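If you read the protein sequences in the order shown, they are chains A and B.
Residue 502 is where the first sequence ends in this note's numbering, and the numbering goes up by one at each step.
Residue 182 is where the second sequence ends in this note's numbering, and the numbering goes up by one at each step.
For the record, the hints were derived by calculation from the structure and aren't laboratory data.
These numbers were taken from a predicted model, which means no experiment stands behind them.
Beta carbons: idealized from backbone N, C-alpha and C, even for Gly.
Footprint (simulated), chain A over chain B, 3 or more residues, beta carbon under 8 Å: (1) 39-49; (2) 72-78; (3) 82-92; (4) 96-106; (5) 120-128; (6) 141-147; (7) 169-177.
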Amino acid sequence: MNAFNSLMDGFGTALTPINLLWAAVGVLLGTAIGVLPGIGPAMAVALLLPVTYGLEPTGAFIMFAGIYYGAMFGGSTTSILLNTPGESAAVVAAMEGNPMARSGRGAQALAAAAIGHFAGGMIGTILLVALAPKVADLAVDIGAPDYFAIMVLAFIAVTSVLGSSRIRGLASLLIGLTLGLVGLDQMTGQQRLTFGSLQLADGIDVVIVAVGLFAIGEALWVAAHLRRTAGRAIPVGRPWLGKKDVKRTWKSWLRGPLIGFPFGAIPAGGAEIPTFLSYVTEKRLSKHKDEWGKGAIEGVAGPESASSASAAGTLVSMLTLGLPTTAVAAVMLAAFQQYGIQPGPLLFERESELVWGLIASLFVGMVLLLALNLPLAPLWAKLLRIPRPYLYAGILFFAAVGAYAVGGEALDLVILLVIGLIGFGMRRYGLPVLPAVIGVILGPNAEQQLRRALQISDGSVSGLVDTPFSVSVYVVVALIMLWPLLRKLARGVLNSRRNVTE
Amino acid sequence: MTTTEPTGRTEEAPEPRSWRTWLREHSELGVCVMLLALGVVVLTDALTMDVEIAQRGPIGPKTVPIAVGIGLLAVSVLLAVDVLRGGRGEAEGGEDIDLSEPADWRTVLLLAGVFLATAVLIEPVGFPVAGALLFWGAAYALGSRAVHRDPLIAAGLSLVTYAVFNNLLGVPLPGGPLMGVL
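Kindly produce the complete structure, drawing on both the sequences and the hints.
Given below as structure tokens:
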């Protein structure tokens, strides 16, 4: 069955009234979350994980994907009107977008961003349709050693590439792995780190860890440093673009995805790097160099298009390999685990209705988002006026609902608070949160794959590297680990060469 | 990892002032202590495990915990070296965050207290009441002083959430005596 037919079937799934409803709920929530400060898509999906207990998987994932894409759209609104990015992916949007808004071209900046997201999301999703089944086919024979290699790659990439300090990333990863160890060993039933407690024998639910680190930790951290004077949003009219602006931006919209999509697919920190790269590229190619820094519209259009395309790239790795490259993907992976579904090459065969329904719903969501954001942007900007005490009290409230819904245990709320305090301390001392979450989500699975692989090879370590796939993954891992050394060497060689020529 | 600055241990230091400032500047060492403690706990647990013959395959349930425990000890030492050499973890910024002011511990403690109270109350009084108290208390701790509006919003949010989760999504929440009456 080729991708096009599957996609058509997917539209059959996505366009049923109930799934359309979930897509609409997702994009509405996503846009609101993107606009709201202090709450990002990863936290939002984490807070919504409890719905997986009541909802069938297709609807839940359609909603989650809507939140992911919607938050990208909404995030740039905050960046442009308030100069304080709602999400990390929208940092670059503030650089040209905010000067535009201040000089009275806010409507054009919002339009360039919204259409950029639409173009980037569309192109990215088309690439997802074209590439994902191919990647899945290539990877279809992978076994335990290969899965283990992918997870090692995820661990190393998330600790090395993100954040400024590797050692702090590693500390965070180990905290996550430790939390993942708590409970009964899946293969032997041995109790680990349970200290004789029956409740801990079930393990610490991923939902509680994700909600604790993302939501409680963030709310407490903000509470300790709450800005007493909130910034004021620049008032703006309905977004629109003149002919002249379209002429300047259409190439940027098309270039953005070329940078965004590949970066989304690799574990390199999601949308931050590609949006910045796109900004630099647009600046270099621009014919209006004098406008940069004062509000050049290409500087909004390109990066925003890149950021949405990177979301599509992230889904390729997540769906075909089970490799989460961003925090949102990590939490979505946790949702897959809640349903007992293992993302990976077999997902396209075993859960073809779910996957293609999800992909088709991305196209539907994008159209909804464009319709929601172009005419309604001024309305969304009103959300910025929500009193901060309500916003963060609401986050704590929904975190409590989510954690309690996991098992109906009051003790879970106490564990949630403890993990939240860990998250608070991590923010205070610059330990990135994502490695810990990835450690909890992938850790137990990685251990199982490791043990299974060694079981097959009868204990010989060579069993971990006996497939071409795993070997190539380990080469990538080695490159990432040696990267600082290689860079130093390269710089040394360059310097000595310079010395020679001088 | 810690929420308390390890300044309390400086009472008997010969030069209290300089010791205190040194510790304040190096409070990140508290993270190392926590990592070290965590590593010791994980290793102790792994080494005291009595694994039965039920073990399948060459790697038993001990191996990974031992590796993680050793990793924690190693990272703790490496981080301590980094901190002593002047490395500092960068506190996370954000749009509602003002890092130029000192941390407001009172709010954090109040919020933690409100949250714990919710954990205690949720079963006896039910979710609608406990949830409303959580929202109201948290908003109060965060500085909201709208005497009439706050409790109304809290009650409304809590009731709607209860109805949505309990009746629409099929995720049961305890109703408590109030829902028994209504």
